[in-house]
Amino acid sequence: MSAITHHIPNDMMAAYAAGTLPHPFAMVVAAHVSLCEDCRATLGSYHAVGGALLEQTADVAVSNDLKSNLMALLDAPVQPEPVYDAQGIYPGPVMEALKGGAPRWRTLGMGVKQSILSETDGGSARLLYIPAGQAVPDHSHNGLELTLVLQGSFSDETGRFGVGDVEIGDEDLEHTPIADAGDACICLAATDAPLRFNAFMPRLLQPLFRI
Amino acid sequence: MGPPKTGRAVPQQAPQMSQMTVWLVAVRDERDRDAFGSLFDYFAPRLKGFIMRSGTGAAQAEEIVQDVMLTVWRKATMFDPHRAQASAWIYQIARNRQIDIIRKENRPVPDELAQDPCSEPDASQILAFDQEAEQLKSALDQLQPDQKEMIEKAYMGDLTHQEISVQTGLPLGTVKSRIRLGLNRLRKELKGLR
Numbered sequence: 001m002s003a004i005t006h007h008i009p010n011d012m013m014a015a016y017a018a019g020t021l022p023h024p025f026a027m028v029v030a031a032h033v034s035l036c037e038d039c040r041a042t043l044g045s046y047h048a049v050g051g052a053l054l055e056q057t058a059d060v061a062v063s064n065d066l067k068s069n070l071m072a073l074l075d076a077p078v079q080p081e082p083v084y085d086a087q088g089i090y091p092g093p094v095m096e097a098l099k100g101g102a103p104r105w106r107t108l109g110m111g112v113k114q115s116i117l118s119e120t121d122g123g124s125a126r127l128l129y130i131p132a133g134q135a136v137p138d139h140s141h142n143g144l145e146l147t148l149v150l151q152g153s154f155s156d157e158t159g160r161f162g163v164g165d166v167e168i169g170d171e172d173l174e175h176t177p178i179a180d181a182g183d184a185c186i187c188l189a190a191t192d193a194p195l196r197f198n199a200f201m202p203r204l205l206q207p208l209f210r211i
Numbered sequence: 001m002g003p004p005k006t007g008r009a010v011p012q013q014a015p016q017m018s019q020m021t022v023w024l025v026a027v028r029d030e031r032d033r034d035a036f037g038s039l040f041d042y043f044a045p046r047l048k049g050f051i052m053r054s055g056t057g058a059a060q061a062e063e064i065v066q067d068v069m070l071t072v073w074r075k076a077t078m079f080d081p082h083r084a085q086a087s088a089w090i091y092q093i094a095r096n097r098q099i100d101i102i103r104k105e106n107r108p109v110p111d112e113l114a115q116d117p118c119s120e121p122d123a124s125q126i127l128a129f130d131q132e133a134e135q136l137k138s139a140l141d142q143l144q145p146d147q148k149e150m151i152e153k154a155y156m157g158d159l160t161h162q163e164i165s166v167q168t169g170l171p172l173g174t175v176k177s178r179i180r181l182g183l184n185r186l187r188k189e190l191k192g193l194r
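Respectively, the protein sequence lines represent chains Z and X. With my numbering, letter number 188 in the first sequence gets 188, and the count goes up by one each step, no holes. With my numbering, letter number 176 in the second sequence gets 176, and the count goes up by one each step, no holes.
The hints are simulated quantities; they were obtained by calculation from the structure and are not laboratory data. Hints are supplied without guarantee of correctness; some may be wrong.
[As the list claims (entries may be wrong)] Here are the simulated DSSO-like cross-link-like pairs (lysine-lysine), alpha carbons at most 27 Å apart as the crow flies: (1) X:K153 <-> X:K188; (2) X:K148 <-> X:K137; (3) X:K137 <-> X:K153; (4) X:K137 <-> X:K188; (5) X:K137 <-> Z:K99; (6) X:K104 <-> X:K137; (7) Z:K67 <-> X:K148; (8) Z:K99 <-> X:K153; (9) X:K188 <-> X:K148; (10) X:K188 <-> Z:K67; (11) Z:K113 <-> Z:K99; (12) X:K75 <-> X:K148.
Computed from a predicted structure; not experimentally measured.
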């Protein structure tokens, strides 16, 4: 694997550590950290900030019986929660979104496929599958979009993005990402805006159909 | 005859691992209930204050405190003092549980690093981490009051940057740059320690 060169910016990492990042972006950050030792260390330093703040927080007395109730619970049987480990190219946070299963690919045309992982008013996360040499379906960035490469690579006007790299797109980013030769490119893409394309359509038609 | 001159250097006061780390390691390795009780006494009132800062009521805050401390007990095997201070590790659990319970969504968390079964505890590295935590606390204290307030609000208030902006009446750009400035300074202080 080539070295990761496009990382999570510091302010986004701080927001993740503080728990204020919207869910789709938190998924990308968690997936990137799963692949990137540098960012794991950065996240550790932000957690250290959180820990220091926690220690400095003014005490609020807890109820008298909270401790005894808790001590009595220590031996209670534990309901095992499902743990989703990384599988193949998919880090744990993606496997969790997939509930441990395989992506349910829906074709968008031209060999491009997507598998929606989560979709709410606050944004969406999905997997994209782009055959080598194929352009990512044209889309405008309404708001912020994070794209994490999980397999293969793509290139656009701003550079080349390989496994583990994150591209951050906003309204200002005009680009045409194209999957490089080799393996098909599989990405985790998250946006805080509604999905702008559900089917492949030429750029000129998009404004007409408002997709 | 003067005082005896010993050939050996006077033993330096050996730096001590923080009490919290000692407790958490005892919970991890020996399932030590007394140590867990001490962790509870130290962290539970802080956790409650911390969680209430984000607008959670006292009753629900206590539920979350109980949940967090139970998670500390159950997941103690994952605690690695070479990579995290006790307070940072507990903070992370509190943040995850708070989001899971209040927002009713599963917070995406990174894959855990595989534990190296052969690795011996490295006291010097554990101490280095603990000292870093202490230095970080003093670094936090040295921040400008407005910078520190922003960081506290971002971490404890569970506010988005947008919400911080509304609550403080500051333009968003100012808020973002202040948070970044404060954290950058913290990070530089941290880096200088390594």
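Evaluated hints:
1. X:K153 <-> X:K188: With a Cα-Cα distance of about 21 Å, the restraint between X:K153 and X:K188 holds, given a limit of 27 Å.
2. X:K148 <-> X:K137: holds, 11 Å
3. X:K137 <-> X:K153: holds, 16 Å
4. X:K137 <-> X:K188: holds, 14 Å
5. X:K137 <-> Z:K99: Status violated; Cα separation ~39 Å.
6. X:K104 <-> X:K137: violated, 32 Å
7. Z:K67 <-> X:K148: Roughly 32 Å separates the two Cα atoms, so the pair is violated.
8. Z:K99 <-> X:K153: Distance ~34 Å between Z:K99 and X:K153 Cα, so the pair is violated.
9. X:K188 <-> X:K148: holds, 16 Å
10. X:K188 <-> Z:K67: At roughly 39 Å apart (the allowed maximum being 27 Å), Z:K67 and X:K188 break the hint.
11. Z:K113 <-> Z:K99: Holds, at about 19 Å.
12. X:K75 <-> X:K148: violated, 31 Å
The structure is inconsistent with the numbered hints 5, 6, 7, 8, 10 and 12, although it conforms to all the rest.
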